[in-house]
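Asker: In case you want the letters, here they are:
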Amino acid sequence: MLACLCTVLWHLPAVPALNRTGDPGPGPSIQKTYDLTRYLEHQLRSLAGTYLNYLGPPFNEPDFNPPRLSAEALPSATVDFNVWRSLNDHLRLAQNYQAYSHLLCYLRGLDRHAATAELRRSLAHFCTSLQGLLGSIAGVMAALGYPLPPQGAEPSWAPRPPHSDFLQKMDDFWLLKELQTWLWRSAKDFNRLKKKMQPSAAAVTLRLEAAASDL
Amino acid sequence: MLALWTWIVQALFIFLIVDSVGGGLLKPCGHIVPESPVVAPNTTFTAICVLDEECLSEHHLNANQILWKIKDTYVPKEQYTILNKTAASVTLEDVSSLGSPLTCNILLYGQLEQNIYGIQIRVGWAPEKPKNLSCIVNGQSNMKCQWDPGKETHLDTTYVLKSEWPTRQLTDCIPPPNVNNSCTVDMVVVYVNMDVWVVATNVLGNVSSDRINFDPIDIVQLLPPYNVTVSSSKAISSILKVSWTNPVDKPFEGLKYNIRYRTKDASDWTLIPPEDTASTRDSFTVQYLKPFTEYVFSIRCMNREGRGFWSNWSAESSGVTYEAKPSNAPSFWYSIDPSQGHGYRLLHLKWKTLPRSEANGRILHYEVILRGGKTSNFSKSINDTKLILNITNDPYVVSLKAHNIVGSSDPSTLTIPGRDFKAAHPITNLKAFPKDNELWVQWTPPNEPVNKYILEWCVFSDNLPCTPDWQQEGSATKLTYLRGNLMESKCYLITVIPVYDDGPGSPRSVKAYLKQAPPSRGPFVRTKKVGKNEAVLVWEHLPVDDQNGFIRNYTIFYRTSSGNETAVHVNSSHTEYTLSPLTSDTLYMVRMAAYTDEGGKDGPEFTFTTPKFAQGEIEAIVVPVCLAFLLTTLLGVLLCFNKLDLIKKHIWPNVPDPSKSHIAQWSPHTPTRHNLHPKDQMYPEGNFTDTDVSVVEIEANEKKPLPEDLKSLDLFKKEKITTEGHSSGIGGSSCMSSSRPSISSNDESESGQNTSSTVQYSTVVHSGYRHQLPSVQVFSRSESTQPLLDSEERPEDLQIVENGGSGDGASPRQQYFKQNCNQDEISPDLSHFERSKQVSSANEEDFVRLKQQQMSDQRSQSSGSGPMKDFEDVSAADNFGSSTEGQIQRFETIGLEAATEEGMPKSYLPQTVRQGGYVPQ
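First to last, the protein sequences are chains A and B.
Under UniProt numbering, the first residue of the first sequence carries the number 1, and numbering increases by one thereafter.
Under UniProt numbering, the first residue of the second sequence carries the number 1, and numbering increases by one thereafter.
Extracted from the complex, chain B is given alone in its bound form (with noise of 0.2 Å):
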């Protein structure tokens, strides 16, 4: 595109000073042909450039001496041109592209170079053709012309609008200035064809547009009606009426119309058909209008023949049609509060105000009537849209209707049936769904006949209580949608209610969304349980308000810290998967995503980790190893105690003691220290050898009457705890079974003496024992040596044997011992205490048995009315095998049994070998 400009008109005089020296006139030197131009773009320019006579004669100047510059650039000397000595041409092929002015310079000599002379070139287009001439009337004078001026000329331009009729010329319109699309007539004549055309004109020529050729009259467009009115009409409120006045400039008298109105609301236009406003007028009624609606209305008028164009549309004006009875009843309904006393019950009535549209007025109030139960007629008026009433159980019907100014609408009646009444008939088919931003609900209507459908819908949600909102349908909906302001990802109870002439029908109910949304939330999964290869994942479906739609499906997504993800699709009924198979011993990584049908959510990330071996497997492997050890173990001890006298024979020889020999004291002189009370502690430690002897005694004692003897109560009191002690079951020694041990360790040292020592001693104990012979006297000193070393070999095994874990004080303690467990069934009055104290002295093995038997005492006690009567029920429990403490009992009897299963005079001895193994040492 070209840079366009143009130049002032502006010749530049540069003089030659032709003489310097006399310092006199100054002169031009030559000019430029031509002097101002106007140039055309595109179009080839040639300047001629002449020099002045004098002064080529005065300063010996030539026409080739010429230098041609635009601007400061010197012009190529090809475009030159010598005409002759005194002038010279330059041709510039478009001079639009280059600068301004164009100066002619001339070399002097030494190379110096003068301006001559200068113009400035201006670069223009001639007129364009004028295009799309069109013209309008006003009213019945002006005509206003407009057309299309072409492209910028940048130089000045006139357009003139020329108009002529047939016979003469008419007017020119000049259009104002800086205005070259348009201009105005002003004293145009209707009826008389006239041609018009526009005319361009600058210096670079000038051009005509087309003719047009026309009758003013066919292009008139009037000023639209004004002082629109509208009126309405009290009788008639379907009416309103348009009053306007007409345009009063205009070259015709027939007008027609188009009016148009619409609601005020509303934003379409309903034009009244033309053909009945094609006449000139100015008011015009509207009918078949609603009542209580303001209504707009607007008008535009032409010529009644259709000549000339139509007006614009007058200001819109506006009217309210006059009130009208309401056409409908409102929506009506109610809800029953049974929790009335009495035979009654609160019936809340609700309605709906009604709309605009229906109720053709202001509503002033609405009446309520009841019918029914003891009041025969209750009417009441109220402007609220709720009643309560207290009313009976019985039966009642119930009309509304709504009052405005001019009358009252038909009533809405319901049927409130009575307590008793059970509804039936419901919609089948129900379905809720969302279409274009509205949320619909279809059902199939029943099979009676229905007066009305009720819809009430509320958010259901965990948090907030189901608050209703509620409309009416008419008897032939099925399909409707919910009117009211629901929200987006919110769960919607729907219930339909179909009212029959009796009552309400079963409500039937579905729920939906308007528009569903991914969950609030994703689940939260975690592991129920978790096995080698598997895991059982449990979670909870999502509370209502975090759904924000219908959980389609979960999907689980499980990986391991390093593997890649894997998805599993669940149903969204279930509550718990099975993951498998997954590797032992590995760390998972588990979430869930809830979906809606809008999207989903994940829920957090749970972690478990399976474990190396699957349950069970542990137990099985550890189990059998160590039943195998035990097995071998108890094979060992077996073993050894099958050949205990082979292992004992080997370890420790009997050698006897002839220290405590007893042959000593075999006297007749000392029988009767043999019959001391074992309390008496005759015998030095170590000196109490022959247990026979005192099996004896004691067998003596038994027939005496006990209370004599305090200790031998003792004694008793620490056999029982002994005895109780053994009721937990766990082996060791006690009484029962030390009393045992004694007489088998007795039998012991018998076979040991049958097998190694003298027959004599048995043959006294034996004697003495078992006929009740006090056949001390019988007793004689033996002449032999040889059961000297018998008897002093035995002692130390006794003493072994009886000494138990204590080291000291064994033999009086194994007196008692003894003694206790011979009088164990005779004497069960001891105290608790003191059997407790008398067992930790007496075996120490046995303390943590006694713990327990503390224990389990002093819930006896805290159940039981004392001591003592424990002991009773204990020892009665051990007499008679019948239990009154339940748990002593049973530990009691467990124990015994155990004691008479296991042969616990042979686990007995082991012990008291292990013990007397000590003792040497």
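The following block holds chain A by itself, in its conformation from the complex (with noise of 0.2 Å):
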């Protein structure tokens, strides 16, 4: 544990919020990053109550909580409390990058079966958004100091094979779900970034939350 406590404390330069006095670092980025995910849930609430309308029913309807079948592509936000809490800064923000990443790429098959202008241009704002929810994730990943996940194969959206209707829009409905699902987590991972960023407060909690973790 004591290793553990010196190694954050070797770290501790490496944040570049404790050592840098004049630069404002990452804590406006997080929380910009956080205000965006925000918007986004915002944003995604009404573009989901559009689109589901669009699927029809039951997709439209409240209680409506289908089996996730075929959407085993798709990056699951749910995750244990426990492993969640395990996750440190970088593991977290990394997730989230990735998981957007893929989000974004299925969200712009959608885009093909959206039948109206306005639609279309939500899903297109929208997904304008994501990109830049991508780019601050990046940012504050860089302002940390942590690496950028590989990016690896970029998973295209293959036309899958024509299977019916019903279970495309189960993937569409799906896919909103996540959506929903990872901004929320997101919402919570920079809200949590943002409070251990702030200073001086920042060290004790990185310390206490080093000790968690630990134990």
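Derived from the structure by calculation, the hints contain no laboratory data.
This structure is a prediction, so every number in the text was calculated from the model and none was measured.
Just so it is clear, CB atoms sit at the ideal spot from N, CA and C, and this is done for glycine as well.
Take these hints with a grain of salt, some might be off.
[Said to hold, decoys possible] Cβ pair distances, simulated, as ranges: (1) Pro41(B) x Arg120(A): 46 to 52 Å; (2) Ile136(B) x Arg120(A): 23 to 29 Å; (3) Arg120(A) x Pro34(B): 45 to 51 Å; (4) Ile236(B) x Arg120(A): 49 to 55 Å.
[To be verified] Pulled a few chain B residues facing chain A out of the computed Cβ check, cut under 7 Å: (5) Met187; (6) Tyr191; (7) Pro251.
Using the hints, build the complex out of the two chains.
Answerer: Given below as structure tokens:
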């Protein structure tokens, strides 16, 4: 544990927020990223509402909760609480980054189905915003000195083998649902990070966090 | 400034005919490099004309034969450079100031000029660096950026709005055609910082603006809230609820608002404290509003955290607060018309409608309650603002309430005092003055507590009756302005009445103008008296309607026809002024101007001439001169009289007329004839020579009864008239005077006889007259011849005297005359008319006097009872010296007096002398 604490302390100089006085550090960009996730949540709510209505019943029913069948490819935001707590900032940011990268690709595929111009415009704007989020996460990671996760093979939206329209809609439904979950999770992550990065309190939090994680 | 032009890209290919004989190919003989240049102004431009080798050899041409032309103007040869045999260049200093096209020509043999090639030069600028780039995000995703593109390039220039995130380049925004200063990005993402800049590009180069970096969330301007509605509450009349719909297209949830409102007529807005509206909401209740008032609302919103900009104000929406009971009692006043008999009088109650701000709703009716007098309580509900009541002379108390749908106002109470009430306790120091286009009234309150003040005012005019307007002021008021439509340059009579518990106090009045103006006309000045060196000018004050202000002073301008004008200032209270010193015998023009505070107005010009002499000056000269003349004349006349005998003797020596000698008649046979009555006319004209005899006879006749002889009555009449004629007081002969002269003439003749004739006659006469001795028988013919001469001399003298002014019939008249004179006081009963006739024939000199007398008589007749009575009166006056017919009597008395005083006998004599003087002629 002591070693761990030492490691954290050793890493402290690497945290730009703590040793730079003139530079605002990653704090503002973290805040911005947090605000953006909240805005995307807000944006998605209206988009999802419109889109699910477009899909029609039962997808637009509030208590519709279908099994997740063919959406395995989607990165799941659901994670065990302890596992989530055990993640460090870097991992968390990396997971966010990867998830949104994939989701963005799937989202672009959604555009094909959208019938109305208004919906297409909303989707396009959401995509652009999501792209902005990706950039923000990358910015935060860069500010904190973390390397970006390897992009690997970009899961391009290959036209799937034609299956039933309902299943297609089910995929769309799960995509939106997954996006929503990820935005919740991200908001939580960035809020946590934001609090952590606040000056003076940040070090204490960091130490306690480290201790807690060691425990 | 350069003349700017863009030349269309167009190369001119002008061909030189290579082989005119063969009539074959048309082929360019050369070209210009560069072919379509774009040149910036104020730069040097060089063009090269390259000739074709074939042409050169065929036509034996050379590059030094090249001529450059711009339009039709040759370029000076100094600017040419022969590069080699086939090429020549030209250098132009400032192409923008020259023209286009630029042509390369060649001079053939025989001075024949041929065009080889031509180019168009375009002039334009490289783009300037765009400045003042700014962006604004409308709603959620649209971002409009604007910039200043700088000066016109005159070339095709493209502007591109570029943007990028830190991690990636974003799509360029290209403005629509013909827009070079703005572009709208439609997919902007908030909470991500971005760089934005503009790149401008044309053929002369490209340039980028400065980059701006921002988070679009900080430049968001939302659309304003919409569907703004305002609703009132019946329960609370001072509130209004404003509701609206928030804009949907926004990149955040939290909003804050500004709500502003104003009354409908006002122009200033009231802002609800922003801290009250700093959270997201869709309605707000505004408090502390006035009842029954229309308010207008509008709202704007922005990010609750203050990022970005306020939206525009929403569309205005209005609502009316609910009614409340009137907050004030109406202004209330009265007037009394006392002209009702039997202990009654007319009470005119009047009140003002409440202003909207005090009525707090629609006034439905007014309630008037009258207490006092015989009727214990009188109540009436009316819609009008006046009420006429017939009340007794007792004191009353009247109260007034205004009612609207919610309730009634507090009562406004007036005490109407009894008929015998004496008003007292006036206000003091009442002043009225205009200020800020209002007429202000100021006063000092009385010592007694005042309930309120009433101000009454009306136009003070000579032509219009005073129809007062009025207003009510509170008890604390000392200064207020008249709330009414006041006219300029009208005199207002303002009355302030304090109102006490027991009734109104004594009124005090003041006159004032809202705005004065010069008078409508000037005063009419005229002279009251013009003297030699001064003139008294008078004028009347202008009527109020012409004054247009308070007359502060007058100015009198006067001048002679040639001289300068002189001005005299006169106090406004005067209506008379004495101009002095003036020059005598001069025409003066005078006019007068009246001045108010705002200026003056001239009246009409009045001219007058000063006299040459002062008043009385002429008289002072003329009267003494006349007097002196008169005196001289009088002295002369007196002198003449004094020396009359001398003169007479000198002029007319006494020559006795023997033919008229009476010595023959004095025989004792003839005495009876002498006793005949004068009317017998026994004496032929000129025969009557002895007056002494006739005098004696008359004396004898006096003793006889009067009525015997009508002629004698006539004579009396004549004599009387003559007397009356003398009553005019003007000198001349009269009966009285003539009778005396006749005596005097006798005296004269006596004296004449005494001095120049025998004593015999005079002795006879005197003895006959004085001793009443009819001693005719005593007479005896004298044997002496000496007296004969004397007697012959005498009758002539007498005749002259007696004839008077009438040439014929002198003797009989003379007799009558004398009888009349003697009978003067005996026979007054003679007709007026006859007298007049007699007189007119008797003495023409008296004719004028007769006329006067007739006039007087006519007057007397008109007032009196008749001619006879008149005459009696006159005669009575004559006799007793007391007058009943005042005027005539007076005249008579004066005449008598004059006759006595002036010694008429003397004055008569010269007449006879004079008249007699004519007789011989």
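Asker: A separate judgement is required for each hint: does it hold in the structure or not?
Answerer: Status of each hint after checking the structure:
1. Pro41(B) x Arg120(A): 46 to 52 Å: holds (49 Å)
2. Ile136(B) x Arg120(A): 23 to 29 Å: Roughly 25 Å apart at Cβ, these two residues keep to the hinted range, so it holds.
3. Arg120(A) x Pro34(B): 45 to 51 Å: holds (50 Å)
4. Ile236(B) x Arg120(A): 49 to 55 Å: Distance hint for Ile236(B), Arg120(A) holds at roughly 51 Å.
5. Met187: Status holds, d = 5 Å.
6. Tyr191: holds (4 Å)
7. Pro251: holds (6 Å)
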